[in-house]
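A.B. asks: Protein chains in written order, with this note's numbering: chain A, 1 to 302; chain B, 1 to 302; chain C, 1 to 302; chain D, 1 to 302.
To be clear, the hints were calculated from the coordinates, so they are not data collected in a lab. Not one of these hints is a red herring.
If you want a taste of the chain D side facing chain C, the calculated C-beta under 10 Å gives, among others: (1) K57; (2) M59; (3) M67; (4) F88; (5) L117.
Stretch-level coverage of chain D by chain C, calculated; a stretch enters the list once three of its residues show a Cβ under 8 Å from a Cβ in chain C: (6) 18-29; (7) 71-81; (8) 121-130.
Glycine is no exception: its CB is placed at the ideal position from the N, C-alpha and C atoms.
Number of protein chains: 4
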Amino acid sequence: MGSLGKDDELGGLNFLDAEEVARGLASIRSHKTFALSVVIGSPKGDPVWPGRSGAVKLMTQDKGSYMSGKLQPLAGGLEYADDYVTMFLQGSTQFDGLGHTWYDDKLYNGFDAHTTLAGLEKASVLPLAEHTASGHAVLLDIARYRGKERLQKGELITLRDLLDCAAKQGTKIQKHDILLIRTGWLSTFYEEGPAKFYDPPFIEPGLVYSRELVEWFHDTEIPLLGTDTIANEVTVDPNNGIVLPLHSALMRNLGVVFNEILMLEDLAKDCAKDGRYDFFYTAAPLKIFRGTGAPVNPIVIK
Amino acid sequence: MGSLGKDDELGGLNFLDAEEVARGLASIRSHKTFALSVVIGSPKGDPVWPGRSGAVKLMTQDKGSYMSGKLQPLAGGLEYADDYVTMFLQGSTQFDGLGHTWYDDKLYNGFDAHTTLAGLEKASVLPLAEHTASGHAVLLDIARYRGKERLQKGELITLRDLLDCAAKQGTKIQKHDILLIRTGWLSTFYEEGPAKFYDPPFIEPGLVYSRELVEWFHDTEIPLLGTDTIANEVTVDPNNGIVLPLHSALMRNLGVVFNEILMLEDLAKDCAKDGRYDFFYTAAPLKIFRGTGAPVNPIVIK
Amino acid sequence: MGSLGKDDELGGLNFLDAEEVARGLASIRSHKTFALSVVIGSPKGDPVWPGRSGAVKLMTQDKGSYMSGKLQPLAGGLEYADDYVTMFLQGSTQFDGLGHTWYDDKLYNGFDAHTTLAGLEKASVLPLAEHTASGHAVLLDIARYRGKERLQKGELITLRDLLDCAAKQGTKIQKHDILLIRTGWLSTFYEEGPAKFYDPPFIEPGLVYSRELVEWFHDTEIPLLGTDTIANEVTVDPNNGIVLPLHSALMRNLGVVFNEILMLEDLAKDCAKDGRYDFFYTAAPLKIFRGTGAPVNPIVIK
Amino acid sequence: MGSLGKDDELGGLNFLDAEEVARGLASIRSHKTFALSVVIGSPKGDPVWPGRSGAVKLMTQDKGSYMSGKLQPLAGGLEYADDYVTMFLQGSTQFDGLGHTWYDDKLYNGFDAHTTLAGLEKASVLPLAEHTASGHAVLLDIARYRGKERLQKGELITLRDLLDCAAKQGTKIQKHDILLIRTGWLSTFYEEGPAKFYDPPFIEPGLVYSRELVEWFHDTEIPLLGTDTIANEVTVDPNNGIVLPLHSALMRNLGVVFNEILMLEDLAKDCAKDGRYDFFYTAAPLKIFRGTGAPVNPIVIK
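So that you can see chain A by itself, here it is in the shape it has in the complex (with noise of 0.2 Å):
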C-alpha cells in the first residue's frame, strides 16, 4: 500500500469504497442482522489479553439513590439510572489503530513510534472509526471445516487451510474481501471457564505467518481481518518463537485492520444452515481520541 500518501493512517480501509459498499450490500439477501461483540461486563468475565484487565461497570445511581433519600426525583417525578465504566480500550471486541504495534521505531506507514508517547498522534484507531468499515465480507469456518466445535489451544491455521476452508464451503474470496474467520476458540472463555482460557502457556489458536500468506494477503488486499480470537493470529510462531508477527507483517507493514475478539458462533450456524458465508458486514468503533483501539460491536447483514 505504499501508493498510500506518507499521511495515510486507514490503511486497508482505504480499500473500502462506495463501490465496495455496493458490493457488500449487493451480498444481502435474508435481511437478517448479527451484532458480532461480546458482552461487556458479563458474569462471566471479560476475555481479555493477559495483562489487561476486564470492565469494571458500576452503578452512578439507581433506584436504592432514590430508595435512601440520596436523591430527589426530577421536577414531575422523573428519576433515572445512571452508570460508569473502568475498561481496557482493548478489552472486548475491538478495532485496533494501525499504529497499535510496531517494530524498529516505525509504526505502519513508517510512522516515529514517538508519536506514541501520551496517546496515538497517528495511526490512531480515530481515522477508522470516522470512516467506518463497510463492504463485502467472507467467514471461513475453520472450526467447522475441520469438524470440531473449536481450535485447540495453539492450533495453526496455514493460508492452504484458508483457501481449502473457502473452496469446501463454496466461497469465493475476492479482492478487497473483508475476511473472518472463525476457530470457535472464544467460547473456551464463555463455556470452560477463564481456568481453561488461560490455562498456561496461554497460546491462541489462529493463523500462521508465512510468506505466501502476506502475500496473498497483499494480493487480495484485504481491508480487514476479524476473529474469534484475542489477537488474530497464533500467539507465538511456532517455528521461531516469534511472538504475534502478523501484527507485524500484515497490521505494521500491509495496513491490514484487525477487528478481534469477535462472537462469531450465532453467524456461523446461520451460514451452515443456508450455506451462504458472505455478507454485507458493517463496523463503526468508538472515536477515541488518539485511542490504541476501540470497542466496537459490528452488525452483519446477511
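Using the hints provided, position chains B, C and D relative to the given structure of chain A.
C.D. replies: Relative to the frame of chain A, chains B, C and D by itself:
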C-alpha cells in the same frame, strides 16, 4: 405497544424487522457512509449531562514504557501501545436502555423500578445491542428549516414544526421511520466552548411535549429518536416545569429508543446538497451487561 | 458498647481518647517509625479479596507528553508528571467502616442496612477518618510464636493462642490496647506469588470464632484489630462453615474497627530484636464520603 | 542538600530522624488529634488543580444487590457493601513526590526527567510514604495574622510575613520544623462554591518567590511545607509571570516536601484558642508505586 408481550425489552426496535431493514437498504443511492458519534476524549472536552463528567482516557503503555526500560519488547521485537478509559456509559453518543428513566416506580413495559438496583435487570441496553437498530431513517434539519446555524437555548420544536420541516424538505415520513432531528445545538459546545454550552440555566432546545406529538409517535410507530442534543428534548417543559417529560411519554411509555448526542453536521450538509433526507441507518451500541445505556457510533449509508 | 449512644459511628475508637493517646505515646522508646501499608500498584500485584481487582495506576502526563509536543511547559519552564488511579477502596491496606458488613438487615449500632444504598449513610469510614485511631498497641507475632515464617492456609488462632503468645513474648495486654496480629500470611503473596496465595479454596489463616474470644474483646475493650491478612480472621469457620463470623461478632456487634492487609514484617523483626512488642500506633484512613472503607498507611512509633 | 547522596529520594524528610520525632513528641500537651485532609467525594465536590477532575466514588455492591437478588449472602448470612474510586492521585490532600515537577530535564537531585516516562522511577512518592514525615511542626496562620477569614485571590505571602506572623503568634520557628501555612483559601471552595473558587483567572494566594525566602528555607532546613491551597504557593508570580516557581526553587532544588490541599480550619481554631501554634505532625501518604504523588490524611497531635 401493549401487544409486544410482558417480557419485551426492545420497544420500538421490534418494528425494525427484516422487512424494515430491506426498506432502509432500498433507499441507498450514493453509498456514502457517515459515522454519527462525537469524539471521546477530545481536547475540546466531552459534552455531557450535568452531573456526569467526561471520559478520562489514559495510556497504560506507549513508546515511553520501552524507552525507560519499564517494558521489554515481545520476543521478535514487537512493541505496543495500550490504553484505558473511565467514562459514564451515557457520557458520549449513546443509546439509552428503555429502563434508563421511569416514574411511579415502573419502567418501560411495567417492569418494577427496583429491578434497577445494582444494574438493570430489565430493559437494559443489552437487548438493544443484540438486536441492532437498522432501518429506514429520515433527517429533519430544523435548524436549516429555520434558517439558523443552530437553535438557541430552550428553543422549542413541536409536531407542527416536524411536519412542516419535512414538507419543506420534500421528505415523506413513513411508518417505522427512524427519526433524526438536527438542532445544531451540539456544535455550540465544540465551536463556542463549554462555558457557553452550560451557561446556566442549562436548557437545551428540542422537542416539547404535546398530546398530539406523542400520539403521532405512537401512530407512526417511530422506533428510534435521535438528536444532536444531550437529552433528545427540551430540558424543561416551559408549560409546566416538568423536566424531560418525553423520556416518560416516549421512552418509558411507548418504548421509543433514544439515541442521544449525535453529531449530524456532515450528514446534514450532504442532505442539503443532494436534497435527499432519507437513508439507511444502522447502529449497535456496546453490549453492556445490565447497562442503563451504552456508547454507539451509528452508521448512515446514503 | 450499648452505652455509646444511638448515633455512634465510631465504635471502638471511642475508647481512644486523649488519655489513651497519652498512654500510647508514653510507650515510645527508640522513636523509630514504621509505615504499615502494602504498596499499591506494585509489579507483584495487589493482594485483594476474591472478586475485587487490583489498582490500575496510570500516567495522565509525563516527560513523553512534552517530548511529543502534546503538552507545553508552564510559563517559566516548569513541566510535571501526573497520575490517576482506579481501585477498590478496600483493595489495599485499609480500615473497614463499621457498616461495611451486616446481617439481619442491621449494621453496627442497629443502623438499617438500607442506609447502605448508594453509599454508607451511617457507620461509613468517614467518622473513623476524622477521629483517627491513635493509642497504645501490641503486636502478637503468632507466626514467630509457632516457630514458623508464616501460618498455613486455614490455620487457626484462638484466644488461648493470643494469651499464650503474649505471655511468651512478655507482652501485657491492657484494656483499650490496639491489637495487631502477625500471621506472616501476606508474605505468601509477595514471596510465593498470587497463584499460591489464591490456590483454591482460598482460606486465609486467622482468628477463629469462640464465645470466649468475643467476650475477651468485649471485656478488654479492644478498639481496633489489625492483621496481615485480607479479612482479619479465618475465611471460613471450620466448625460450622460460616464465612467471616468475626466480622459479625466483633465489628458489627461490638464495634471493633478492622485494619486489614497490614504489612507487619519489618515491625515484627524490630520487635523480635529488642523484645518490645508494644508501641504507639496512629492511623487516619482517607476521608472517603460514605465510604465502606478507605486506604490507610498506619504509622507505628516504637 | 547536596550532601544527601546521589541516590537520595527523600529530600527534606532526611532531616526527620528519630531525634526530630522526639522533639515533635515533646511538644505534645493536650493529646488532642486532628486529621488534616479534605473529604474525598464530598457532595460539595473535590477542589483540584485545573485540568484534574474530582474523584468518582461508586458502589460495587450494597443492600440493593441483595434486595434485587443479584447477590446472595455469604454462608452464615453475612452481607456487605463495597466500593470503588477513580481519582487523580493528586486530586485531594496529598504529598507530591519530589520528582513531580522539573525544569531543564532534571528532577530533584539531578535525576533525568526521562525517568518519569510511564511512572516515576526516581523521586516518586513511595520512599516518602515508606519513611513517613514525623516531627515538630508550626502553624503560621496568615489569614488570622491579617485579620481576615481568608486571603484573596493572588494575595502574596513573603518571608517577612512569615516571620512577622510567627513573632505575633509567639511562635519560634526552629531548624527542621515542618511548616504549615494557613491562608483560609480552601474554605472558599466549600463555603462559596466552585464557581467562586475557580473564577478565572485561577490564581491562588500564597508564598511568593524571593531569594531570601529560598535561602531561609535552605538555612532553616525546612523538611516539609504544607498549606490549605492546591499548589502551596501563589499560582503565578506577579513579578515575572512564572507559574509555580517555588515548585522549582523549593521542591526540585532543595527537596522540600510539599503537602498540599490541607484542611487547617479546626487546627487553627484550636491554636488560636490556646495560643500554642506548635505540635507533633505525622503523615504517611499511600504507598503508590512510581506515584507522582499520593493522597494522605496527616495527623496532628497537640
